[in-house]
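Colleague: Residues per chain, in single letters:
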Amino acid sequence: MPEATFRIHRYDPERDGDRRWQEFTVPYENSLTVLEGLFYIQENLDGSISFRYCCRAAVCGSCAMYINGRYRLACQTNVKNLEDAPITVEPLPRMPLVKDLVCDMTDFFAKYEYIKPYIMHESQYPEKETLQSPEDRHKLDNPVDCILCGSCYSSCPSVWGEDNYLGPAALLWAYRFEADTRDEARKARLSSFDNERGVYRCHTITNCVEACPKELNPTEAIQWLKGAAVRRRIFGRWK
Amino acid sequence: MIYHELIVVGGGLAGLRAAIEAKRAGVDVAILSQVYPARSHSGAAQGGINSALANHPDSADDTPEKHTFDTVKGSDYLADQDAAKQMCEDAIPILYQMEHWGCPFSRFDDGRIAQRPFGGAGYPRTCYGADKTGHYLLHTCTNEAIKAGVPFYTEWFVTDIVRDADGRACGVVAYDMTAGGFEGFQAEAVVIATGGAGRTYSNSTNAIISTGFGASLAYRAGVPLKDMEFIQFHPTGLLTTNILMTEGARGEGGYLINGEGERFMAKYAPKAMELAPRDITSRSIWTEILEGRGIDGKQFVYLDLRHLGRDKIMERLPGIRDLSIHFEGVDPIDEPIPIVPSQHYTMGGIDTDMDGRTEVPGLFAAGECACVSVHGANRLGGNSLLETLVFGRRSGAAASEYLSGLAQHQRGAAEVEQSLTRMDEKLAALTLRSDGEDPYAVRTEMTETMKEHFGIYREEQIMQAGLDKLLALNERVHNIYLRHSGRVFNLDMIRTYELQGMVEVALTTAAGALNRTESRGSHSRTDYLTRDDENWLVHTLAHREPDGRPKLDQKPVALGLYEPQERKY
Ligand SMILES: Cc1cc2nc3c(=O)[nH]c(=O)nc-3n(C[C@H](O)[C@H](O)[C@H](O)COP(=O)(O)OP(=O)(O)OC[C@H]3O[C@@H](n4cnc5c(N)ncnc54)[C@H](O)[C@@H]3O)c2cc1C
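Those protein sequences? They're chains A and B, same order as listed.
First residue of the first sequence: 2, per our numbering; consecutive thereafter.
First residue of the second sequence: 21, per our numbering; consecutive thereafter.
Keep in mind that the hints are not guaranteed to be accurate.
As the list claims (entries may be wrong) - Heads up, simulated DSS-like pairs for lysine-lysine below, C-alpha to C-alpha not over 27 Å straight-line:
#, chain 1, residue 1, chain 2, residue 2
1, A, LYS140, B, LYS86
2, A, LYS215, B, LYS86
3, B, LYS86, A, LYS188
4, A, LYS81, B, LYS318
5, B, LYS167, A, LYS227
6, B, LYS318, A, LYS129
7, B, LYS291, B, LYS86
It should be emphasised that the hints constitute simulated quantities derived from the structure, not laboratory data.
Construct the entire structure; sequences and hints are all you get.
Modeller: Next up, the structure:
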């Protein structure tokens, strides 16, 4: 049976609080994802290990980790496709830690909630659906696939340098609603990203684009928002 | 101790929709969830949600009444017809509401919500957003809950439902995973919306957290579980991981192909072909496999999408393509996808009425953990997302109404406190034992037993042997122990603690299946080949005995709209 060696980041706030590395050997038959490997370790080798998981089908965003130096979803990463051994598994870099591979997502979600991630609507709704052309709907293809895994946020140097910066995921969602023909937020959302916490902190370093396991493009969305915000200021025009 | 008027356990579609309804009725409501709401299992749903909007060119004369008929027929007549009717009527406004809340549905050229054909439906009425409908709906509802100001207790794992001296639900106990430690929540009412029990089987399409543990909490609190023998096997799970390939893939025209290269569904459902209901399609695949016509004689067949062409696959089924590439190494544009029927859905669940009420005052349930029943013996694809929203909303409204009728508030603090103390004792007992049963071995034996003994085809002796194994596990589970006693994000504790509830839920499926001497919907017995309306047009109820075993009795099915007839597709 083939074996994979996992080199795992450990951190336990209740013990010494030090960060250390621990190696485990995981046997497997045909295929093994990193997430399956972590469960093998948790069940058979070390019950104290902690990590996040839910859908194991790359759609819930729970298991984003830093694996062999890249942002990946553990459930979607097959060890056969990893070139380097051992397989190094770390939590999302530069995030506060909870334990082992679990980082603290509190700020991440607070920032997400801050940009008002919902349709705002003042006029009367139609009796049936609001009509939207397939072309207008396609403008949302990219952002609506975001799974809020936090990879982009963890990878962004502007976030590292500035605690307050909303970061790529929250702004991608701001774009998602601003670009939606059904949204009537106008100034109400604008004020949440057209400010010192918002779009101007993006220096188009594009780490987020590289980090995203869903191959989305927050940088582009942020540039769109910048343009829209500036147009609004100068010409009083919106979309 | 923390107080909210209403606690919703679960942040999937059902829980979110319940909480939004209550919040907008002025109730102080909070959601407790094991994962951030937008990470719930609902997000994995792919194919779509049913509503007779009549947007599709071929569905101009579709109506809620026809949707009801398809649902009842699909259920093999075990659904409560009044509940099915209510769901299909509510389906229209709730779909428009999701659209108004911003759900990014796919669109027809005229700008209306797109619909596709799904199994067992007389019309194309499954509304979709590409093949990521659940993800879009779940984000929409999470966001609407944020907008409404519903507080989330994220990564809080509920371990107990508390009842006061009068037997009313008065709160919960929960584990705060990130901070570490347990806390009591006092409430006037509780809604359980914890999802399905797929992970009691080893071959499930479900999320890892869909354990059925939430339903076991209601069961322990005294509510019977209904119709638990009815387990849906989805025809098309990926061979190595059981990850779902949506029915939408067949709705868009995909073929099922056996080892001889035939579209074998022609033998089993000549009219509906690949779009026969799931019970029939899964049985057909399994029959092909058992008779040696799997691919290379092995235990799988192909889902072939190649003839749809690259453009259609990229437009309508991009998620399916990604999953197939990442998890099976197969690009469906070039190659057929190896698939196998896989455990998919729990038709049964916490016994509720049409407004989520259970036998226990103040305790409500909605979504896959509940059984209203609208799915009866077989759920139609696209009806489950619908159920979560319709009955989530209704239970949120009913809970609000219940609250306004209460004479006395803030009762049961002592009981919550006691339950919290008992929790500490239980954990101490689990930790003190340093040898005994390995919880993960027990879990594996349970999930394998369910797969092998209570699968697609069922038979007396095999089920009896399976039930015996589960009863033995129900004893052994008392000797499991913790390997890790840390307070913070202790997975070992969660996975060990939930196991007993899982075994109890598995037992209700096993006992119900053995007891029901007929074939109906997903429950297909080789020793009782036909449906027996004279004796079995009834719901099964499983009541929990103090030792965790189920005691079965029955409850009538609400009929009246449609006479049971033979199902042909
Ligand atoms: C792969 C897949 C695809 C599907 N596709 C479709 C489809 O196309 N159409 C359709 O109609 N149906 C589909 N279904 C079925 C449908 O998705 C589910 O039935 C439905 O989403 C269940 O929603 P829910 O709100 O009841 O539960 P879930 O979404 O499972 O949510 C459960 C919630 O409960 C929480 N929870 C559980 N236990 C605890 C606890 N002890 N303490 C605290 N929180 C807890 C979880 O954190 C989670 O938030 C699909 C199912 C699967 C598996």
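Colleague: Hints numbered earlier in the text: which of these fail when held up against the supplied structure?
Modeller: 1, 2, 3, 6
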